[in-house]
Amino acid sequence: MSLAGCSGPLAGIRNPFAKKKEILLGERIPVITDPSLANVDPVLAGKPIALPPAQANASWTQPGGTPSNNLGHLAPVSY
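Going by the working numbering, the first residue of the sequence shown is number 11, and it counts up by one from there.
Because the hints were derived from the structure by calculation, they are not lab data.
All values derive from a computational prediction rather than experimental measurement.
Using N, Cα and C, we set each Cβ at its ideal position, and we do this for glycine too.
Incorrect hints may appear among the rest.
[Stated by the list, open to error] Simulated DEER-style distance windows between Cβ atoms:
| # | residue 1 | residue 2 | range |
| --- | --- | --- | --- |
| 1 | I39 | I59 | 25 to 35 Å |
| 2 | A85 | K30 | 39 to 49 Å |
| 3 | P58 | K30 | 40 to 50 Å |
| 4 | P77 | V41 | 27 to 37 Å |
| 5 | A55 | I23 | 47 to 57 Å |
| 6 | A48 | N79 | 22 to 32 Å |
| 7 | S88 | E37 | 42 to 52 Å |
| 8 | R24 | A60 | 47 to 57 Å |
Work the whole structure out from these sequences, hints included.
Here's what the structure looks like:
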């Protein structure tokens, strides 16, 4: 009986097909510097979200969707 595992003699060999991570130069600056900006506004917390009715999309007006790139509220496709 033989057993295989990840800690054998080949465990240190790297994957030749793995993509190398690109190391970006410079300083990482957070977009949201004030954590309170990511909180829910108490005035809006209890209000419902209103979406327009879902619409079926029979065809695209151009490749990639619409000229405005706003496809609206699309209904799921049923097959």
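Practice prompt. Quick one: which hint numbers does this structure break? Sort them smallest to largest.
Written response: Structure breaks no hint.
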